[in-house]
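A.B. asks: Taken in sequence, the protein lines are chains A and B. Anchor point for the first sequence: position 300 equals 402 in the working numbering, and the numbering is continuous, going up by one each time. Anchor point for the second sequence: position 42 equals 144 in the working numbering, and the numbering is continuous, going up by one each time.
No lab work stands behind these hints, which were simulated from the structure alone. Incorrect hints may have been included.
Any copy, or any two copies together, can satisfy a pair, since identical chains are not distinguished.
What the hints assert, rightly or not - DSS-like mimics (lysine-lysine), calculated; alpha carbons at most 25 Å apart, straight line:
hint, residue 1, residue 2
1, K266, K306
2, K266, K405
3, K376, K266
4, K405, K376
5, K306, K289
6, K289, K376
7, K405, K289
8, K405, K306
Quantities reported herein were computed from a predicted structural model and do not represent experimental measurements.
There are 2 protein chains.
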Amino acid sequence: MSIVAVGTVALDTIETPFGRAENILGGSATYICLAARYFSPEIHLVAVVGTDFPTEHVDLLQSNGVWMDGLERDERGDTFAWEGRYSYDLNDRETLATHLNVLTDFSPHVPVSARASRIVCLGNLDPSTQREALSQLDRPDLVICDTMNYWIERTPESLTATLKLIDCLIINDSEARQLADEPNLIKAASVIRQMGPEILVIKKGEHGALLFTDGSVFSAPAFPLEDIYDPTGAGDTFMGGFAGYLSLSRDYSSDALRKAVVYGSAMASFVVEKFGADRLLELSEDEIDQRVHNFRLLSEIPKIDPLRIL
Amino acid sequence: MSIVAVGTVALDTIETPFGRAENILGGSATYICLAARYFSPEIHLVAVVGTDFPTEHVDLLQSNGVWMDGLERDERGDTFAWEGRYSYDLNDRETLATHLNVLTDFSPHVPVSARASRIVCLGNLDPSTQREALSQLDRPDLVICDTMNYWIERTPESLTATLKLIDCLIINDSEARQLADEPNLIKAASVIRQMGPEILVIKKGEHGALLFTDGSVFSAPAFPLEDIYDPTGAGDTFMGGFAGYLSLSRDYSSDALRKAVVYGSAMASFVVEKFGADRLLELSEDEIDQRVHNFRLLSEIPKIDPLRIL
Chain A
103 MSIVAVGTVA
113 LDTIETPFGR
123 AENILGGSAT
133 YICLAARYFS
143 PEIHLVAVVG
153 TDFPTEHVDL
163 LQSNGVWMDG
173 LERDERGDTF
183 AWEGRYSYDL
193 NDRETLATHL
203 NVLTDFSPHV
213 PVSARASRIV
223 CLGNLDPSTQ
233 REALSQLDRP
243 DLVICDTMNY
253 WIERTPESLT
263 ATLKLIDCLI
273 INDSEARQLA
283 DEPNLIKAAS
293 VIRQMGPEIL
303 VIKKGEHGAL
313 LFTDGSVFSA
323 PAFPLEDIYD
333 PTGAGDTFMG
343 GFAGYLSLSR
353 DYSSDALRKA
363 VVYGSAMASF
373 VVEKFGADRL
383 LELSEDEIDQ
393 RVHNFRLLSE
403 IPKIDPLRIL
Chain B
103 MSIVAVGTVA
113 LDTIETPFGR
123 AENILGGSAT
133 YICLAARYFS
143 PEIHLVAVVG
153 TDFPTEHVDL
163 LQSNGVWMDG
173 LERDERGDTF
183 AWEGRYSYDL
193 NDRETLATHL
203 NVLTDFSPHV
213 PVSARASRIV
223 CLGNLDPSTQ
233 REALSQLDRP
243 DLVICDTMNY
253 WIERTPESLT
263 ATLKLIDCLI
273 INDSEARQLA
283 DEPNLIKAAS
293 VIRQMGPEIL
303 VIKKGEHGAL
313 LFTDGSVFSA
323 PAFPLEDIYD
333 PTGAGDTFMG
343 GFAGYLSLSR
353 DYSSDALRKA
363 VVYGSAMASF
373 VVEKFGADRL
383 LELSEDEIDQ
393 RVHNFRLLSE
403 IPKIDPLRIL
């Protein structure tokens, strides 16, 4: 089942306590596609880059199975560039520089080959840009969307309009509280689901993720990683694994969604083990299966008898 | 199987966004005993109160099955009193006043009836007081201990001495990071387990709890509560449910410990539903079984086939 990812392709400069990498391949669409392609043979990328974007990166994505005809090269400027630094505990991220460059005027063009994609991943972008992409798609089965505090604060009306059009929102816990204006996450989830998305995933970083569907909550653990080298892209990789699993299972039941959260979490737990998207270039199916199995061991509650029988 | 809880009995004044309660029955030993008594017919309380302590509270504990011969009444002063306020999101607690009163000179006397208790719960106290209590006990099977940032900062050597004598430490995530001087919780857990306790439980509030035993990590979810009225005593109630379940199962295997974490989490999820310990006075076995069942539903990962088969 085909997937289209609309988002950013970026040149990232990242500093962590473990090292520094300059102008490496990043961006939400990159991470989504490189994770999803383990599950689906047809992943379309829709994004824009500038004149400075190295052709090696295009070749790398293409050779990893990503369909690149939706990548536009804007001759008027440079590629979107982000520079950030992570502190020692890797939970705090400081943005040192954001150069929007060609992203400023980005108007997505979904290529004909991608218009019938069954699953749509909308990476974090201006909500109006997300709607612009959606309008070019031919009745997808499932629209999955990300957003961030910037759009919650600056363009709330536009975000509200986008939320009405999507099936699944994936955001982090602080964004969920802010979007719902409610400190209790469980209440916040109800508020957000009333805004549009029937399915809500709240990512909590080292504390795992919560999945809210009709009448059911699923709490997924985070993988206990001792060494996190670079958290960049973990959220987008989660979306890629989540969408990828659903495209493979062709099933959007509550059980399938739970499994998709586990696959998303597994892919995210891999990507942070190396700088940038490097870890997504080398995984085997066996490694993914093994990690998913370990997620189960991690949260398995042994059979419990009622108190009276004990 | 008998349990002894050494800790505080307090008069708490609590303000939350939902109301205020003055001089209500509190303290670590109180919560531990009122939770554990659902699982064991023999729960001994060892603590001190002052001249102002109402006899109704003693009667209430006694009528709820707690053995009270270890409660000392110190005629030289008032009962330990704590006053605190919770902010709107209930995650931040501000201590308005702490009157140690008779707790200052507390020297625990474990009554003869309690000396052969198989499970010992050491509530948060000066680590030297915890050791003093331990020295009066007759080779218990399992020693479970709590501590807090105050002792980690002020009496690190004494805390180190106590950690060498215990089997299981139950602390929250910020305390674990501080005790191990390590921001990564998984690494912190290894460091702490090398200090003595073979079993480590890290409580993460609304994010659940982690159990570390030999070669295994268990991630337990938090119950998705929409309405938390008063978080006071949740950690001590966790310990009471955890110890209580183990006393009933008479089993300290890794599987039994996982179940104990679920029972501890279930009891903690109840106590926050009302002010103080009120909710612990009215639970039924069916309610506890049902909540434990719901914990399983909350974290259950459906059977997953390897990627190749999908």
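A.B. asks: Please go over all the hints and tell whether each is borne out by the structure.
C.D. replies: These are the hints, each one checked on the structure:
1. For the identical chains of this complex, K266 and K306 are intra-copy neighbours only, at 24 Å inside a copy versus 34 Å across copies, given an alpha-carbon limit of 25 Å.
2. Neither within a single protomer nor between protomers do K266 and K405 lie at most 25 Å apart by alpha-carbon distance, with minima of 41 Å and 33 Å respectively.
3. When the C-alpha separation of K376 and K266 is checked against a cutoff of 25 Å, the pair qualifies neither within a copy, at 37 Å, nor between copies, at 37 Å.
4. For the identical chains of this complex, K405 and K376 are neighbours neither inside a copy (37 Å) nor across copies (29 Å), given an alpha-carbon limit of 25 Å.
5. In the homo-oligomer, the alpha carbons of K306 and K289 lie at most 25 Å apart both inside one protomer (16 Å) and across protomers (19 Å), since each shortest distance falls under that limit.
6. Taking the closest pair of Cα atoms, K289 and K376 come within 25 Å of each other only across two copies (18 Å); inside a single copy the shortest separation is 36 Å, beyond that limit.
7. Taking the shortest Cα distances, K405 and K289 never come within 25 Å of each other, neither inside one copy (30 Å) nor across copies (29 Å).
8. In the homo-oligomer, the alpha carbons of K405 and K306 lie at most 25 Å apart only across protomers (24 Å), although the nearest pairing inside one protomer, at 27 Å, exceeds that limit.
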